[in-house]
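Heads up: the protein sequence lines correspond to chains A and B, in order. The opening residue of the first sequence carries number 1 in the working numbering; numbering runs sequentially from there. The opening residue of the second sequence carries number 1 in the working numbering; numbering runs sequentially from there.
A portion of the hints provided could be inaccurate.
Stated by the list, open to error - If the Cβ cut is set under 10 Å, some of the chain A residues that face chain B in the computed set are: (1) 159; (2) 178; (3) 243; (4) 244; (5) 245; (6) 248.
Since the hints were derived computationally from the structure, they do not count as laboratory data. Backbone N, C-alpha and C fix where the C-beta goes; we use that ideal spot for every residue, glycine too.
Listed below are the residues making up each chain.
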Amino acid sequence: MPNWKPAIPGLLKKIAFYLLLIIIWEMVFRLKLWPAFSFPSPLGVMENLVSGAKDLSYFIAVGVSVKRVLLGYFISLAFGFTLGLIITQVRFLDETLSPLLLGLQTLPSICWLPLSILWFGIGEDSIIFVVAIGSTFSIAMSVVSGIKNVPPIFIRVAKTMGAKGSKAYTTVIIPAALPSIVSGMKQGWSFAWRALMAGELLSPKDGLGYALTIGRDLADMNQVVGVMIIIIMIGLLIDKFVFGRLEKSIRYRWGLTQS
Amino acid sequence: MLKIEKVSKTFISNARTTDTLEDITLNVNRGEFVALVGPSGCGKSTLLNIIAGLDGATHGRVIKEGKVISGAGPDRLVMMQEAALFPWLNVVDNVEYGMKIAGVPKPVRREKAFQFLKMVHLTRFSTSYPHELSGGMRQRVALARALAVDSDILLMDEPFAALDSQTRNILHAELQQIWWATKKTIIFVTHNVEEAVLLADRVWVMSANPGRIKKEFKINLERPRNTENLKLVHMVSQIMHELREEVEKVVESEFDSDWSPRSKKLVPTAI
Chain A
1 MPNWKPAIPG LLKKIAFYLL LIIIWEMVFR LKLWPAFSFP SPLGVMENLV
51 SGAKDLSYFI AVGVSVKRVL LGYFISLAFG FTLGLIITQV RFLDETLSPL
101 LLGLQTLPSI CWLPLSILWF GIGEDSIIFV VAIGSTFSIA MSVVSGIKNV
151 PPIFIRVAKT MGAKGSKAYT TVIIPAALPS IVSGMKQGWS FAWRALMAGE
201 LLSPKDGLGY ALTIGRDLAD MNQVVGVMII IIMIGLLIDK FVFGRLEKSI
251 RYRWGLTQS
Chain B
1 MLKIEKVSKT FISNARTTDT LEDITLNVNR GEFVALVGPS GCGKSTLLNI
51 IAGLDGATHG RVIKEGKVIS GAGPDRLVMM QEAALFPWLN VVDNVEYGMK
101 IAGVPKPVRR EKAFQFLKMV HLTRFSTSYP HELSGGMRQR VALARALAVD
151 SDILLMDEPF AALDSQTRNI LHAELQQIWW ATKKTIIFVT HNVEEAVLLA
201 DRVWVMSANP GRIKKEFKIN LERPRNTENL KLVHMVSQIM HELREEVEKV
251 VESEFDSDWS PRSKKLVPTA I
């Protein structure tokens with residue numbers, strides 16, 4: 001027994017750990033400590049996920065939600081980036097707008113929903129607006145701070161090498177500001193994702209938030225937990241495979257990894 | 001080739017007005033290696049920045065080949081104390097940077113970049129990133145980058161000050177060879193007199209507060225020079241003598257008033 005334990009590679013360890021968690025969950029369910037309609041079993045959740053996948057309803061829901069968040073996020077990238085660049089160019093705006101942006105950034109995106117519904121009506125547009133607005137300020141502020149914190153010596157080097165104006169921006173200033181900008185993009189994404197879920201819950205029409213609402217209305221906890229798991233999976237996937245990779249490659253180039 | 005005419009620089013801040021440079025007039029000929037030595041704070045870096053176009057003179061002007069200088073540019077490149085390599089580019093991309101801005105096509109500039117890396121003996125590290133290199137290696141890459149731009153004048157602001165003495169000695173030898181091969185016009189700023197005499201044809205000694213040119217020394221020694229040569233040592237001591245007065249003035253202004261370089265006591269008696 002003690003001989004083959006050290007040979008188990010890391011991945012198997014992780015799988016064994018999660019299997020153990022699921023088993024413990026099933027056992028707690030069997031103990032009937034809480035009524036079945038408020039504490040679901042892992043098998044029930046699995047059934048729900050499988051049936052939702054079979055009739056494609058979950059795929060459609062994921063597609064709808066992801067489409068919304070991507071649309072809102074890319075809008076926020078465009079606006080946030082532009083806003084950030086404008087602020088760094090016009091000193092007057094930097095002095096006046098920056099504190100306002102900071103304040104707006106601390107406002108949870110979902111607070112924009114009532115205003116958004118008034119402007120766009122209940123539906124797609126109001127949710128996309130809420131998704132975009134929260135992320136925009138994060139990105140704008142990280143662009144501003146990234147650009148402001150570029151060491152002046154890099155700009156001097158660029159000037160003496162003949163890089164002026166927009167060339168200096170694209171070849172030196174933006175790359176130098178990239179680590180800060182990427183961390184702002186990551187923060188913006190997490191705001192966008194949360195805003196999407198809140199928006200879909202409060203203004204349900206379709207998508208994952210709507211699926212959650214249906215589950216609650218039908219008292220089907222299997223569905224509720226199932227959708228929660230789907231939401232977690234998507235969030236993890238994007239955080240790890242998109243931002244994780246991006247940040248890793250920047251840290252590797254710049255030598256910011258711990259050694 | 002380069003005329004510095006009655007250049008003065010005054011820095012005005014909330015606290016005080018500082019006359020950093022006063023009435024500097026110098027001539028530099030094409031292909032010459034000249035050095036500026038002076039105590040810290042005498043304004044030699046400021047003068048270099050003005051020649052580079054990174055700073056403006058309060059009075060006077062700098063004329064290069066008949067045209068007045070008005071801004072920075074690749075014809076007067078500065079190599080600074082910090083290598084300031086771009087951390088998001090690897091070594092060969094960093095060396096290529098100046099050529100990329102100038103619009104040199106990719107295969108040509110890659111080949112040239114390797115030529116210059118060979119000059120500083122760093123071809124093995126062409127794909128490394130700056131954070132993977134030691135300080136001396138980074139300065140060598142910065143030197144290759146500066147040479148790749150092929151500027152008319154190369155300005156060097158204490159480029160080897162932050163390096164250990166072994167690396168510095170190696171770089172002195174390399175720089176002498178490179179200058180001999182390329183015959184660039186180089187203006188070298190340093191506080192190290194030995195370094196100046198080793199490398200330059202002419203050495204100017206600057207005084208501080210305000211910064212003025214005190215004396216010019218012509219270095220008529222054969223090349224390649226080495227630090228054990230007696231004539232060189234003699235030259236160094238002559239220049240040091242001229243410099244000593246200026247250094248003492250700066251030290252007195254920066255240290256406590258009850259201490260002077262000539263006093264015998266090194267440690268305050270009352271503790």
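Restraint: residue 178 of chain A near chain B, CB-CB cut 10 Å. Satisfied or not?
At about 7 Å, which falls below the 10 Å cut-off, the nearest Cβ of chain B leaves the hint on residue 178 of chain A intact, so it holds.
With a cut-off of 10 Å on the beta carbons, see whether residue 244 of chain A makes it to chain B.
For residue 244 of chain A, the interface hint is violated, since the closest Cβ of chain B sits about 19 Å away, which is over 10 Å.
Are residue 243 of chain A and chain B close enough, Cβ to Cβ, to be under 10 Å, as the hint says?
Given a least distance of 18 Å, the restraint on residue 243 of chain A is violated.
Given residue 245 of chain A as an interface hint, is its Cβ closer than 10 Å to any Cβ of chain B?
Where the cut-off is 10 Å and the nearest Cβ of chain B is about 16 Å from residue 245 of chain A, the hint is violated.
Given hint residue 159 of chain A near chain B, where the shortest CB pair must fall under 10 Å
Result: holds, 4 Å to nearest chain B Cβ.
Chain B contact restraint on residue 248 of chain A - CB to CB distance below 10 Å:
14 Å, violated
Violated hints, listed in ascending order, are 3, 4, 5 and 6; each of the other numbered hints is respected by the structure.
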